[in-house]
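So the sequence shown is numbered by the numbering used here: it starts at 40 and just counts up by one.
Hints were generated in silico from the structure; no laboratory data involved.
Heads up, the beta-carbon is just placed ideally off N, CA and C, and yes, glycines get one too.
A hint or two may mislead.
What follows is a list of derived Cβ distance ranges for each label pair [claimed, not checked]: (1) S317 <-> P206: 37 to 43 Å; (2) V383 <-> T403: 38 to 44 Å; (3) R386 <-> G218: 21 to 27 Å.
Here are the simulated DSBU-like cross-link-like pairs (lysine-lysine), alpha carbons at most 30 Å apart as the crow flies [stated by the list, open to error]: (4) K116 <-> K63; (5) K190 <-> K89; (6) K189 <-> K89; (7) K190 <-> K116; (8) K88 <-> K189; (9) K88 <-> K160; (10) K355 <-> K59; (11) K63 <-> K355; (12) K88 <-> K63; (13) K189 <-> K116; (14) K355 <-> K321; (15) K59 <-> K88; (16) K88 <-> K190.
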Amino acid sequence: EYVVGPLPTPAYHRDVTVQKYGGKVPYHRRPVTGQEYTDIYALIRRELKKAPQFLTTCCESDGTDLAILTTAPRGFKSGDRTTWFVLFHNVAGTGYYLSPVGLEVLVEHRDLHVSRWQLRKVFYNGLYFASTEDLEQEFLAGTLEVVRLKKPQDDAVLGSMRPRYPPDSLGPLQFEPQGPRYSVRGNRVTYQGWSITFGMNPNSGPRLFDIRYRGERIVYELSLQEALALYGSNCPGGMSTRYLDGSFGIGRFAYELVRGVDCPYTATYVDRHYLVESDTPKTNQNSLCIFEHDSALPLRRHFSDSQSFYYGGLRKNTLVIRTISTLVNYDYIWDFMFHGSGAVEVRVHATGYISTSFLHGQGTN
Numbered sequence: 040e041y042v043v044g045p046l047p048t049p050a051y052h053r054d055v056t057v058q059k060y061g062g063k064v065p066y067h068r069r070p071v072t073g074q075e076y077t078d079i080y081a082l083i084r085r086e087l088k089k090a091p092q093f094l095t096t097c098c099e100s101d102g103t104d105l106a107i108l109t110t111a112p113r114g115f116k117s118g119d120r121t122t123w124f125v126l127f128h129n130v131a132g133t134g135y136y137l138s139p140v141g142l143e144v145l146v147e148h149r150d151l152h153v154s155r156w157q158l159r160k161v162f163y164n165g166l167y168f169a170s171t172e173d174l175e176q177e178f179l180a181g182t183l184e185v186v187r188l189k190k191p192q193d194d195a196v197l198g199s200m201r202p203r204y205p206p207d208s209l210g211p212l213q214f215e216p217q218g219p220r221y222s223v224r225g226n227r228v229t230y231q232g233w234s235i236t237f238g239m240n241p242n243s244g245p246r247l248f249d250i251r252y253r254g255e256r257i258v259y260e261l262s263l264q265e266a267l268a269l270y271g272s273n274c275p276g277g278m279s280t281r282y283l284d285g286s287f288g289i290g291r292f293a294y295e296l297v298r299g300v301d302c303p304y305t306a307t308y309v310d311r312h313y314l315v316e317s318d319t320p321k322t323n324q325n326s327l328c329i330f331e332h333d334s335a336l337p338l339r340r341h342f343s344d345s346q347s348f349y350y351g352g353l354r355k356n357t358l359v360i361r362t363i364s365t366l367v368n369y370d371y372i373w374d375f376m377f378h379g380s381g382a383v384e385v386r387v388h389a390t391g392y393i394s395t396s397f398l399h400g401q402g403t404n
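Based on the provided sequences and hints, a complete structural model is requested.
Below is the structure:
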């Protein structure tokens, strides 16, 4: 990790990894890279070839068309780098996370030499096997109970994002009669007494600095630190999963936002840049949006019909800085909201898909 400065025109960079982590970071403590996943998937597919008749019967598959999903953490003690991977039927345009086939594999990938990585264990329908070869032998011997699953044929299945019925008309839209009442210059936004500097950490996600209200700094830094998702199951992948999403990259996986769905049409969209696993920076276009939001609820109002007749009311408008992180199966909508009253609000919405486990035995418990 590097510190770069001074902003906005950097003149130096300094490696702070050893200072920050107390020494060189050992391989088992580092996040899994894209190349590492590619090598693991290749290992899994090679091993699946050793159980062809089982795969044909259980899943109508040869193993090459199954989706592979990682879990975390990668072990239970310091030094471990062993991961359970869960296999699903893969259908285009559909959340495959809802279609587990019941097969899970444990891969040890701790060694710096890929050739020494190994598939340590196989799980299917409540039983553990030493290898896919053992799984195939048990199946051929007729001692393995197999749940036969048909391969989904199209995206009109559970989990499809395609609407069942087309929308009958266009919904209401927000309108700014005199244009936006906020301004964005570089990575700084000003709005009715507010001044906020915004940014994105590729690991931990959105962060705001130097938040000022009417010229007075009230917050030095307001930032996301981590997101934790706990799963439960009687399958090894689900029972062990405790996703700490900073290890995947909350900011890195904040992708382009869709106008009119993720943010209003009139929002200002900003690109974010990051440097991860590469010598050249990458850009996520339009991955942060800024807009003023009408809450459709008056901040305060009163109608008097006693003694004298009058009405007083004040609209409740809010500035919103939003980004959305997609961590494989689920999406987090991060909102930082600034009210005209001087109040700051932070909000998160969880959406996307849950990652499911194959139902067997006492799974509902």
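Here's how the hints hold up against the structure:
no.	hint	result
1	S317 <-> P206: 37 to 43 Å	40 Å, holds
2	V383 <-> T403: 38 to 44 Å	42 Å, holds
3	R386 <-> G218: 21 to 27 Å	26 Å, holds
4	K116 <-> K63	19 Å, holds
5	K190 <-> K89	20 Å, holds
6	K189 <-> K89	21 Å, holds
7	K190 <-> K116	38 Å, violated
8	K88 <-> K189	19 Å, holds
9	K88 <-> K160	15 Å, holds
10	K355 <-> K59	43 Å, violated
11	K63 <-> K355	51 Å, violated
12	K88 <-> K63	39 Å, violated
13	K189 <-> K116	39 Å, violated
14	K355 <-> K321	38 Å, violated
15	K59 <-> K88	44 Å, violated
16	K88 <-> K190	18 Å, holds
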